[in-house]
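Protein chains: 4
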Amino acid sequence: MQDENVTWHAWPLRVRYQETDQMGVVYHMNYLNWLEIGRTEAIRALGVAYRDLEAEGLFLPLTDAQMAFKRAARYDDEVVVFTRVAEFGALRIRFESEARKVELSFWQSLCSAQGQKNAPWFAEPQGELLVSGNTRHVWLNRDWQPTRLDHAHPGLYALLKSLRDMGESAL
Amino acid sequence: MQDENVTWHAWPLRVRYQETDQMGVVYHMNYLNWLEIGRTEAIRALGVAYRDLEAEGLFLPLTDAQMAFKRAARYDDEVVVFTRVAEFGALRIRFESEARKVELSFWQSLCSAQGQKNAPWFAEPQGELLVSGNTRHVWLNRDWQPTRLDHAHPGLYALLKSLRDMGESAL
Amino acid sequence: MQDENVTWHAWPLRVRYQETDQMGVVYHMNYLNWLEIGRTEAIRALGVAYRDLEAEGLFLPLTDAQMAFKRAARYDDEVVVFTRVAEFGALRIRFESEARKVELSFWQSLCSAQGQKNAPWFAEPQGELLVSGNTRHVWLNRDWQPTRLDHAHPGLYALLKSLRDMGESAL
Amino acid sequence: MQDENVTWHAWPLRVRYQETDQMGVVYHMNYLNWLEIGRTEAIRALGVAYRDLEAEGLFLPLTDAQMAFKRAARYDDEVVVFTRVAEFGALRIRFESEARKVELSFWQSLCSAQGQKNAPWFAEPQGELLVSGNTRHVWLNRDWQPTRLDHAHPGLYALLKSLRDMGESAL
Numbered sequence: 001m002q003d004e005n006v007t008w009h010a011w012p013l014r015v016r017y018q019e020t021d022q023m024g025v026v027y028h029m030n031y032l033n034w035l036e037i038g039r040t041e042a043i044r045a046l047g048v049a050y051r052d053l054e055a056e057g058l059f060l061p062l063t064d065a066q067m068a069f070k071r072a073a074r075y076d077d078e079v080v081v082f083t084r085v086a087e088f089g090a091l092r093i094r095f096e097s098e099a100r101k102v103e104l105s106f107w108q109s110l111c112s113a114q115g116q117k118n119a120p121w122f123a124e125p126q127g128e129l130l131v132s133g134n135t136r137h138v139w140l141n142r143d144w145q146p147t148r149l150d151h152a153h154p155g156l157y158a159l160l161k162s163l164r165d166m167g168e169s170a171l
Numbered sequence: 001m002q003d004e005n006v007t008w009h010a011w012p013l014r015v016r017y018q019e020t021d022q023m024g025v026v027y028h029m030n031y032l033n034w035l036e037i038g039r040t041e042a043i044r045a046l047g048v049a050y051r052d053l054e055a056e057g058l059f060l061p062l063t064d065a066q067m068a069f070k071r072a073a074r075y076d077d078e079v080v081v082f083t084r085v086a087e088f089g090a091l092r093i094r095f096e097s098e099a100r101k102v103e104l105s106f107w108q109s110l111c112s113a114q115g116q117k118n119a120p121w122f123a124e125p126q127g128e129l130l131v132s133g134n135t136r137h138v139w140l141n142r143d144w145q146p147t148r149l150d151h152a153h154p155g156l157y158a159l160l161k162s163l164r165d166m167g168e169s170a171l
Numbered sequence: 001m002q003d004e005n006v007t008w009h010a011w012p013l014r015v016r017y018q019e020t021d022q023m024g025v026v027y028h029m030n031y032l033n034w035l036e037i038g039r040t041e042a043i044r045a046l047g048v049a050y051r052d053l054e055a056e057g058l059f060l061p062l063t064d065a066q067m068a069f070k071r072a073a074r075y076d077d078e079v080v081v082f083t084r085v086a087e088f089g090a091l092r093i094r095f096e097s098e099a100r101k102v103e104l105s106f107w108q109s110l111c112s113a114q115g116q117k118n119a120p121w122f123a124e125p126q127g128e129l130l131v132s133g134n135t136r137h138v139w140l141n142r143d144w145q146p147t148r149l150d151h152a153h154p155g156l157y158a159l160l161k162s163l164r165d166m167g168e169s170a171l
Numbered sequence: 001m002q003d004e005n006v007t008w009h010a011w012p013l014r015v016r017y018q019e020t021d022q023m024g025v026v027y028h029m030n031y032l033n034w035l036e037i038g039r040t041e042a043i044r045a046l047g048v049a050y051r052d053l054e055a056e057g058l059f060l061p062l063t064d065a066q067m068a069f070k071r072a073a074r075y076d077d078e079v080v081v082f083t084r085v086a087e088f089g090a091l092r093i094r095f096e097s098e099a100r101k102v103e104l105s106f107w108q109s110l111c112s113a114q115g116q117k118n119a120p121w122f123a124e125p126q127g128e129l130l131v132s133g134n135t136r137h138v139w140l141n142r143d144w145q146p147t148r149l150d151h152a153h154p155g156l157y158a159l160l161k162s163l164r165d166m167g168e169s170a171l
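Protein chains in written order, with our numbering: chain A, 1 to 171; chain B, 1 to 171; chain C, 1 to 171; chain D, 1 to 171.
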C-alpha cells in the first residue's frame, strides 16, 4: 500500500459556511467532526468502509478526545486532515490527527507526484497547523460490549497493525 | 387543556453560539431545527413524548418544509417557537410554526398570568417575527410504510384532531 | 463556459456521520446545508468565490426556502447536488436545487467524458432524487440594505444572467 | 452569591433530535457544544453576559479541550451541565465540566430546596456521569491579541477569581 514510514493519511476538505461562527472562524466543535472524517477516509484507503463495519455489527465509539487549537480555520479555507494510528491493540485504538491549512492546488500536485488521485500517504504532515488531536476508541459489538478486532475482523486488524508498526519503525 | 381558540403552543429557547455564522446571525438551517423542537414540545404538552412514539414504532418524518426568513436571530437572543396544527388527517399532518424574538422575562410574565410554569398556549403568537414555516409530515411504521395514526395511536390522534378543530373554529 | 441548455451545475459530496440521526438517515436540516454548498460551488465554477463577495461587502442571505423530501440519504452515501439559476434580477435570485444519490464512480466517468475534472454542467440532473429545493435570496450590502448586483458586481451579474438565459432558452 | 465550597454551576438542557446519530446516541462533538453552554450560563449566573463581553471587544476562544466519554446520552434525555473554574489567571482560564443525566424533576426539586428558580450552585455534581471535560482558554482583544482580564474587565476578573478560590479552599 505504501512505503515504510509513510504513515500519515491525508484527506482534503473545504470549510463550510455552516461551520463558521460569529467570531468569523470555524466553531471549535467542528474540528472534532473533521477528525472523524479523516479517520473514516484513512480506513477506507486501507480498503474497509466504516459503513460496512457497522453493518457487520462492529462500532468504534470514542472514549477520549483531546484537541489543541493552534490557528483558526476560516470559511472556504482548504484544509487537509492528516491521520495516523498512534496506539493499537485488539480492543482499543488511538488515532493521532492534524488539521492543516493546505492549498488544494499544492496538495493536488503532491498527489500527482505520487501518481495518486486521492488519499495519499505522507511521511510528515504538510501545511499550516490548525488543530492537533488525539482520539481513543474501543471496538464494540451490537450489544455495546467490547469486542476483540482480531476475532471480529482479522483483515482490518492486520491492516491497522501494519500501519501502526510502520509508524513505530519510523521513530 | 386550554380554552377554545388558544391553539398556538409556545416554547422558549436561547440562541447558541454554535448556531451563529460569520455574518453574525443564526445560520439559516438552524431555524429548521428550532421548528422541530417546537413540534416536539407541543406534542409533549399534549401528554405524549415523541421518544415514546418512536419506541412504539411510529415515526413522523418530513415530506415538505417551507420557511420565510423575516429577521435574523442573533447569538444569545431569547426566542419563542410557536407551533400549531394547520392540517390534519389520519396519515398526514401539517404544522405551522413561527420563531419570534421574545424577551424571556415577558414570556415568563405571560406564563405566570396564566398560572403556568411552562409550555403555555396562546391565541396569537407574540413578539418580533423572525421566521415563519410550514412542515408537512407522514406517519410511518418501522418498515417505513405509511401508517394511520387513528389506528396506531388513537389517543394522540384525538388530541391532535381537537387541536386542529379549535384552530378551525377560531378562523 | 458550457453549451447552451447545459445549465445545471453538479457538485459531489459524501454523507458525514455527523449528519445522520437516530432514524439512521440524514437529519433533514442538513439538506439545506448541502443546497448552500451547491450554490457556492456553482458560483465558484463561474469564476467567483462567494468568500470574495463577502470581503467586498456583498451578502446573499435567504429570504425563502422550500424543500420536498423524496428519499432519505444515508451515512456514507455519495450525493451530487445539482444547482441552477431559476429566476434572476438585479436585486433578487432564486436557485433551484436537487440532491441526488449518484455513485461517485458514475459521476467521475461523466466528468471524464466531458474532459472535466470537477464541477461539470449538465442538461438534466442525474441519479436518484433525494431532495428538491428552491431558495430565494436578496443581495445586501454591509449595512444589510438591498443592493443592485448589476452595480455592485457587473461581472457576476452578467454571468448569472447568462446562466438563467440559457435555462430559459432550454424550455 | 453562594456558600463557600459551592463552586459547581448547573445548567439543564434536553437532548435534541438533531444531536443524535445513527448509533442512536448523541454524536460526540455535541458534548463540546454543551460544555460551552455550561460555561456561558455559569458566567451569566455571575452577572455577566458573554455577549456583552464580545460587544466590548473581549473574546475567550479555546486553546485546548479534553473530554472523556463515559456513557452515551440519548434523544430527549434530561442533562445537567456542571461547570467550575479549575485554574485561573489574568490571561488564561481552565474550566472543568461534567455533563450528567439528571431527571429534570429531581433537578427542579433541588433548585426549589435552595429557593432558586434557575442556575443553582452545587458542592458536588449530581446524577449519572456522561462526559467529563476540561477546556483551556485565553482572553483576546479585537485584534486577537492576548489581553489581561484584570485590566480589561476587573469586575469579571474578581468574580471568576473568587469562584476559583472557593474551589481551592474546598479541597
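Possibly wrong hints are sitting among the right ones.
The list that follows gives simulated cross-link-like pairs (lysine to aspartate or glutamate, DMTMM-like), each with its CA atoms no further than 25 Å apart [to be verified]: (1) Lys70/D with Glu124/D; (2) Lys101/A with Glu124/C; (3) Lys70/D with Glu54/D; (4) Lys70/A with Asp64/D; (5) Lys101/B with Glu54/D; (6) Lys101/A with Asp143/A.
Residues of chain D placed beyond 10 Å of chain C at every Cβ, according to the derived structure [as the list claims (entries may be wrong)]: (7) Thr20; (8) Asp21; (9) Gly24; (10) Gly57; (11) Leu58; (12) Glu96; (13) Phe106; (14) Leu110; (15) Pro125; (16) Leu129; (17) Ala152; (18) Lys161; (19) Gly167.
Simulated from the structure, these hints should not be mistaken for lab results.
Just so it is clear, CB atoms sit at the ideal spot from N, CA and C, and this is done for glycine as well.
When the hints from earlier in the document are held up against this structure, which numbers fail?
2, 3, 6, 7, 8, 9
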